[in-house]
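Colleague: Protein sequence lines correspond, in order, to chains A and B. All residue numbers for the first sequence refer to full-length UniProt numbering, where the first residue is 1 and numbers rise by one. All residue numbers for the second sequence refer to full-length UniProt numbering, where the first residue is 1 and numbers rise by one.
Read the hints as simulated data drawn from the structure, not as lab findings. A few of these clues could be false.
Said to hold, decoys possible - Under the rule of at most 27 Å between Cα atoms (straight-line distance), these lysine-lysine pairs were calculated in the DSS-like manner: (1) LYS193/B to LYS137/A; (2) LYS72/B to LYS137/A; (3) LYS137/B to LYS193/A.
Protein chains: 2
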Amino acid sequence: MTTGDGTPSTGPRRRGRPSRAESTTGPDARTRILEAARNEFAQRGYDKTSIRGIAKAADVDAALVHHYFGTKDEVFAAAVELSFEPALAIPDILGSSTEGLGERLAGYFIEVWENPVSRAPLLAVMRSAMTHEAAAKGLRVFVLRRLLGRIADQLDVPDAAFRAELAASHMVGIAVLRYVIQAEPLASAPPEKIVAMVAPTLQRYLTEE
Amino acid sequence: MTTGDGTPSTGPRRRGRPSRAESTTGPDARTRILEAARNEFAQRGYDKTSIRGIAKAADVDAALVHHYFGTKDEVFAAAVELSFEPALAIPDILGSSTEGLGERLAGYFIEVWENPVSRAPLLAVMRSAMTHEAAAKGLRVFVLRRLLGRIADQLDVPDAAFRAELAASHMVGIAVLRYVIQAEPLASAPPEKIVAMVAPTLQRYLTEE
Chain A
1 MTTGDGTPST GPRRRGRPSR AESTTGPDAR TRILEAARNE FAQRGYDKTS
51 IRGIAKAADV DAALVHHYFG TKDEVFAAAV ELSFEPALAI PDILGSSTEG
101 LGERLAGYFI EVWENPVSRA PLLAVMRSAM THEAAAKGLR VFVLRRLLGR
151 IADQLDVPDA AFRAELAASH MVGIAVLRYV IQAEPLASAP PEKIVAMVAP
201 TLQRYLTEE
Chain B
1 MTTGDGTPST GPRRRGRPSR AESTTGPDAR TRILEAARNE FAQRGYDKTS
51 IRGIAKAADV DAALVHHYFG TKDEVFAAAV ELSFEPALAI PDILGSSTEG
101 LGERLAGYFI EVWENPVSRA PLLAVMRSAM THEAAAKGLR VFVLRRLLGR
151 IADQLDVPDA AFRAELAASH MVGIAVLRYV IQAEPLASAP PEKIVAMVAP
201 TLQRYLTEE
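Just chain A, same shape as in the assembly (with noise of 0.2 Å):
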């Protein structure tokens, strides 16, 4: 669970927003939106779901959702982040070491995956993305540059963010392949098989030349 005070603030999110508001409705309203807007997009899709949708299930005002979050777009995003746990897990991921950094990535994101509670609105994002423009905007400036450029951020090794995309992209494939397409052998494979085998990859394209 997010906290919604326990995240540092990040970018767009709050720009120009006074952070006092926040103790005047409480940190409660905040989470419960962004839940709310989790649920929406996961059981409307992104085009069906509306700020004033996302408002009424999370039973604040609309003007509270775009005070907090800004546009559609960017409620889209922090819905998204909420699956990922960016500011929980980024430490972890990266660890004090970059030895066994594809494991826990890998690891990190199989876990997600599997957990029921954050693959319904994953399933929801990456189908909206897939078909939406405006989604998969949302998921290109703000998940991927965020998650990813955090990680970038922290490797030695050239070209990070193209190689920091790559291990995205094989990550994103699996999960297409194995919830969304459901392939098999793929599909009912153990996520530790999963893990075991691309965890390799992932730390070549990470940490070595």
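Given chain A, work out where chain B should sit, using these hints.
Modeller: Same frame as chain A, but now just chain B:
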């Protein structure tokens, strides 16, 4: 281009149907149907494409579409296969030894995607497969099993099918990030750079214990 009569008889397409029918209608009709199907799926998406629409675009009777390909799922699978030209490509990819297999496979895949003629229908296919179970099934049953199956059959490693799917997952993920989400720097990277990085991964999956 696929000549229609150049492809060997592959599974469900001609199941139980007399092959001499081709000589009465000419191989051109079959090719025209396939190309019409590819265009229809690319332009309209899986849902809105009908056998009747394909027949109209190919200037043949709808019964002939059924005759050659069977159900809409099967036409879809054949239309996807048209982009990959497996009958021509697989022997080239497999080559005479496994040396360089990863590079040939990565190069082939990127080439298919870089070609605008095959890219448009592939994008449509991926979008359809993400959102329609019938299209996902088409990919799963026909394309993955037939394309990957033929490669996996030639591999001398344990879990060949699993490994072939891991390799495929990486390439699918690259397609998603590069061509659909258009994440930078991957979207603008030269194809050779991607092949150079990805080839050792595919080589490891397909040939190393």
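Colleague: Give a verdict on every hint.
Modeller: Verification of the hints:
1. LYS193/B to LYS137/A: 24 Å, holds
2. LYS72/B to LYS137/A: 32 Å, violated
3. LYS137/B to LYS193/A: 24 Å, holds
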